Each structure stands twice: as structure tokens, then as C-alpha cells.
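Given the coordinates of chain A, work out where chain B should sit on it, guided by the hints.
Residue-level listing of the chains:
There are 2 protein chains.
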Amino acid sequence: MNSVTVIGLGAMGMGIAQSLRRRGLTVHACDIRLDAAKAFAADGGHAFTKPRDAVAGCDVVISVVVNASQTEEVLFSADGAAEAMSRGSVYVMCSTVAPSWSAALAERLSALGLLYLDAPISGGAAKAAEGRLTMMTSGAPAAYAKAQPALDAIAERVFRLGERPGAGSKVKIINQLLAGVHIAAAAEAMALGLREGVDPAQLYEVITHSAGNSWMFENRVPHVLDGDYTPRSAVDIFVKDLGLVLDTARATRFPLPLASTAHQMFQHASAAGHGREDDAAVIKVFPGIDLPRGPKG
Amino acid sequence: MNSVTVIGLGAMGMGIAQSLRRRGLTVHACDIRLDAAKAFAADGGHAFTKPRDAVAGCDVVISVVVNASQTEEVLFSADGAAEAMSRGSVYVMCSTVAPSWSAALAERLSALGLLYLDAPISGGAAKAAEGRLTMMTSGAPAAYAKAQPALDAIAERVFRLGERPGAGSKVKIINQLLAGVHIAAAAEAMALGLREGVDPAQLYEVITHSAGNSWMFENRVPHVLDGDYTPRSAVDIFVKDLGLVLDTARATRFPLPLASTAHQMFQHASAAGHGREDDAAVIKVFPGIDLPRGPKG
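Going down the list, the protein sequences come from chains A and B. Residue numbering for the first sequence follows the working numbering, beginning at 1 and increasing consecutively. Residue numbering for the second sequence follows the working numbering, beginning at 1 and increasing consecutively.
So that you can see chain A by itself, here it is in the shape it has in the complex (with noise of 0.2 Å):
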């Protein structure tokens, strides 16, 4: 393997891709905004804009749009990737979906002659950057055999969790419903915290360092005590994967009592007008408080 195809150069597709550049590998970048794919080949590796131009010559095709819905339109749309695809080659999908959509999309490739690894990542921009992301995956051997040099590069930990596609999307999600409940937390707890007129950095000070601490709060609290919303991830990311957290739990009827309550706050904040602003913003919906300001505010 010479030749990666990146498809969606957001943070977290330009980080994957800036790491396996960094390993020496030809990268084909490819972004609607040709802008974007353009700033990256720059200093290295090809733009693209159409993922059926994108694919030629590789036998990697990573992934790592917003959705199911993007990654339909990467895939089947009339420049879409997988008629153009050679044969034997693996596709790499990085976004939070839902299982069972992971899972129907292998037979989907499969029947194409195409391999397929369902490879959701968490870690941030910034480990995306580092090449340290980690990746919740699951897949048939084959596949693994022809990704691995390529998620070497961009990951610091590949949990294999089985060899059935969907098995790292469930994981994913089920992250996602820790990760949603705990910055909803995070907000709660602080607004209580200036509600009673606690003074927030002590409170920040304290819990990061008491049994009250998630990577969440540590995360994500800063933001607001800096009054500074500029979106690392948005609020309306958390009402799509909450959400699909709620589907995959509706689906056989079970019942998530505190993800279906923080989805409740996301989408509060959303329809306040605060679905682009950081996933931090949902404090936002609490009443009767003086958040702290930004240098802006």
C-alpha cells in the first residue's frame, strides 16, 4: 500500500490525513471544498473533489464525513466511490452511525467485491493531528489485513471488537451516550454551581480533582469558564448522536432514562438558536444564571 484515498477533510479528516502523509504515504485528499483539499496537497498528495476521481489507485478509502447520510452521497451518489473502487479494496467508515446502517452498508459493498471495516474514532482534533486517535473497529480479517498500515498511522489504539460490522459503531454510540450525558452533566453541575454563587474556576479546581471528574467536565468546562463557544464540536452533534443512540435502544425497545433526558437538553439549546456553537453552549439552557464572559463579551 502506496496510496490512501481521505475523503472529508474536516478537523478530524485533515489530522487522518496530515498523519499518513506523515508516514509516507501518497495521500489522495478529497472535499467538496476544493479549497480544503487543495491546502492539504499543497504539501504533499493530490486534491480532489469527486470521491469517484479520488479512489483511483488506492486500495484504502478512509472516510470520515458527518454521517450516514454523507457517506451515502460519498459512496452512491453519480461521483460517488464505489462503482469506481477496485476490486478487493476496503473502505474505511469513520462516522458516528447507526449499527444496524453500518452493518447493512458491508453487504452493500461486499456485493460490489468491496471490503469494509466499520471504524468509528474518538479522540479529538487534536489527536487526529498527532496521529494518536482511537478506534472502536470490527470487520472481517481481509480487511483488517489491507487497512492495517494505514490505521497504524493514524491511531494510537485499534480496539478489535469482533468481525461483525457494527460491532464498532455500537461501542461508538455507546460512548457517545457516556459522552452527551457527561457534558450535559458538566453544565448542570456548573450552573447549579452559579446559581448558588460558587465561584466557578474553584469549582472547576475542586471537581477535577474529587470523584465528581469526567474527561467531559475536565474537557469541556474551560470553555465556559472562558465564555468562549467557538465550536471544537457543536451542540447539534450531540442531538445526532444522542439521537442515534435513542434509535439503536428504540429499535429493541429499552429504556435510557439520562440519554433521553441530555438529548432533551441538546435539543433545547438547538431550537434556542445554539446548535452551531460548542457542545459546551448547552449550559445555555439553563435560566437564571450569569455565565462567565469572554474577552468578547
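Think of the hints as simulated: they come from the structure by calculation, not from any bench. Remember, it's a predicted structure, so these values are computed and weren't measured experimentally. Beta carbons: idealized from backbone N, C-alpha and C, even for Gly. Heads up, a few of these hints could be off.
What the hints assert, rightly or not - Facing chain A, according to a computed beta carbon distance under 10 Å, are these residues of chain B, among others:
{"no.": "1", "residue": "Leu177"}
{"no.": "2", "residue": "Gly212"}
{"no.": "3", "residue": "Trp215"}
{"no.": "4", "residue": "Pro257"}
Claimed, not checked - Listed next, with one range per pair, are the computed distances between beta-carbon atoms:
{"no.": "5", "chain 1": "B", "residue 1": "Ala251", "chain 2": "A", "residue 2": "Ala42", "range": "52 to 62 Å"}
{"no.": "6", "chain 1": "B", "residue 1": "Gly88", "chain 2": "A", "residue 2": "Pro287", "range": "43 to 53 Å"}
{"no.": "7", "chain 1": "B", "residue 1": "Gly10", "chain 2": "A", "residue 2": "Ser100", "range": "44 to 54 Å"}
{"no.": "8", "chain 1": "B", "residue 1": "Arg232", "chain 2": "A", "residue 2": "Pro141", "range": "33 to 43 Å"}
{"no.": "9", "chain 1": "A", "residue 1": "Asp247", "chain 2": "B", "residue 2": "Asp35", "range": "47 to 57 Å"}
{"no.": "10", "chain 1": "B", "residue 1": "Asp152", "chain 2": "A", "residue 2": "Arg253", "range": "48 to 58 Å"}
{"no.": "11", "chain 1": "A", "residue 1": "Ala42", "chain 2": "B", "residue 2": "Arg232", "range": "49 to 59 Å"}
{"no.": "12", "chain 1": "B", "residue 1": "Asp35", "chain 2": "A", "residue 2": "Glu130", "range": "53 to 63 Å"}
Same frame as chain A, but now just chain B:
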């Protein structure tokens, strides 16, 4: 200061008493269960069952009982400590209580010429035994001046949150909001995984290396994996603590959607007969899954 009274020799109080003794202080150990007090004093110190008797000759009295009602008993019952404490000595209140109740207690003790520290603790029995607790404290400088050597012996971090009693309890309450929500969220996530056929040990491994992790997920999920619900901290503790959280917010008409949902889950578990089991037993509220069984299961 050479002698310190410790009232309440549960897992936390016992560890605190041991940490004080290790520092060369004489400990007056008091518990209504004479056996517990004697077991401690067998290795040094003195055993008491009545707070009134235990405080003689001690300028620092540390109470580590379950709640406000027991603290009332310790101080103001016929055998209570309040009348017997010498003027100018300090009462260090380590229980999780309503912040408003703690503030009122400071005034009642002040009327008797006694100093007060609002000083809830976090960290669990193991850290208590090592003298490495986290304390969330507030009170007058004179109270700190008197209590500091004792605090240094029992805590790794003593957060000083101002002079107003109740400020420490507010932060503790907010920590408990997060702790309770995170335990319930850990249960919900593991329950969904079991429902979806995900291997629970593998799920634990992935989540503890991903952004969905929390202190509580990491600490409590092993109890579920081991099928071991021996109470380290019980379901009913979170029925109480999340109840205090909700009472605090209700006093200013403040909404806490996640805390109230988690409280319902702990109440559900308690009403189903699991109140005295480990708090990880909140996972038993989820129907339609087979939990891992312990060695005795």
C-alpha cells in the same frame, strides 16, 4: 493540639482516626457501637460511646457520621458534645449535608462559643486510611488555625472555599450531583451494551480509554463486571445525596433535569430492594438484560 476527638467510626471515620494517630496525636474515638471504638483504641487512643465524654480535653472534634440528623444527635442529644466542648474549640463537620443546614449549625455553635468548619470529604475509604482525602472546607480563620494540624494529617488536599460555612457543603453537593449522575450513566451505558450483545469487559476497556470515561465509570463498572454488589457505597447514599442536591436547587426554584432523572433511578433501585447494595446496583433497574454473575452467582 495533642488530642483529637473523632466521632463516627465507619469506613471513613476509622481511616481518619488512624491517620491522626499515625501523626502522633492522641485520638478519642467515639462510636455508639462500643466494639468499633474499642477495636480502634486497642492500638492506641481511647474508646468512648458518648460524644459528651469523648470531647474532654480535645480542642478539635471531627464528626464523620452519615447525615445531618446524626450530627444533630452527636451534638445536641442528652449525651451530646455541644455543651461539653470547651469554649474556643472547633467542630469539624465532615458529613454530606444541606449547605443551608450547615450554615445554620455554625451559628448555633457560635452561640455556645464554639468554632466551626464546614468540611465535607471526598475520596473513599482507601484514601481515608492513607490520610489522603480531599476536603471541601469553609469557615473562619480562627477555626482553620485550630484545626489545621488535624486537617494536614487526614487530607492530601484541603480546598478552602471562603469564610462562610455552607460554601464547602455547596461544592460537595455539586460533586455528588456529578458522582450520582455518572454512576447512573455508567449503569445505563453498560446496560445498553448488554442489551446489544457487546462484550462488557471489552466495552469497559474501550470506554476507559475514550472520551466517555469518568472517575465513577472507571471505579464502579468493575463491580458490575464482577457481579459483586457488596456495598462500598450504597444505593441509598445516593438516594439521600441526590435528594440533598434537589432540595438545594428547589429552594431557589432551579431545574436539574439530569440529577432528578438519576435520583429516580436510585429510588427505583431502592424500592426494588437494592438500597443497601453497592451503588453500582442501580444497573438492576434495567429490564431485559442478563448481568454478569459473581463467584457466588
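Here is what the structure says about each hint:
1. Using the Cβ-Cβ criterion of 10 Å, the hint placing Leu177 (chain B) at the interface with chain A is satisfied: the shortest such distance is roughly 5 Å.
2. For the restraint placing Gly212 (chain B) at the interface with chain A, the shortest Cβ-Cβ distance is roughly 3 Å, inside the 10 Å limit, so the hint holds.
3. Nearest Cβ of chain A to the Cβ of Trp215 (chain B): about 5 Å, under the 10 Å cut. The hint holds.
4. This hint holds: Pro257 (chain B) has a C-beta 5 Å from the nearest C-beta of chain A, less than the 10 Å allowed.
5. The hinted range of 52 to 62 Å is satisfied by Ala251 (chain B) and Ala42 (chain A), whose Cβ atoms lie roughly 60 Å apart.
6. At roughly 45 Å, the beta-carbon separation of Gly88 (chain B) and Pro287 (chain A) lies within the given 43 to 53 Å, and the hint holds.
7. Between Gly10 (chain B) and Ser100 (chain A) the beta carbon distance is about 48 Å. The supplied range of 44 to 54 Å therefore holds.
8. Checked against the hint of 33 to 43 Å, the pair Arg232 (chain B) and Pro141 (chain A) passes, with Cβ atoms roughly 42 Å apart.
9. For the pair Asp247 (chain A) and Asp35 (chain B), the beta carbons lie near 55 Å from each other, so the given range of 47 to 57 Å is met.
10. Between Asp152 (chain B) and Arg253 (chain A) the beta carbon distance is about 55 Å. The supplied range of 48 to 58 Å therefore holds.
11. Separated by about 57 Å at the C-beta atoms, Ala42 (chain A) and Arg232 (chain B) satisfy the suggested range of 49 to 59 Å.
12. Between Asp35 (chain B) and Glu130 (chain A), the C-beta spacing of about 57 Å keeps the proposed range 53 to 63 Å intact.
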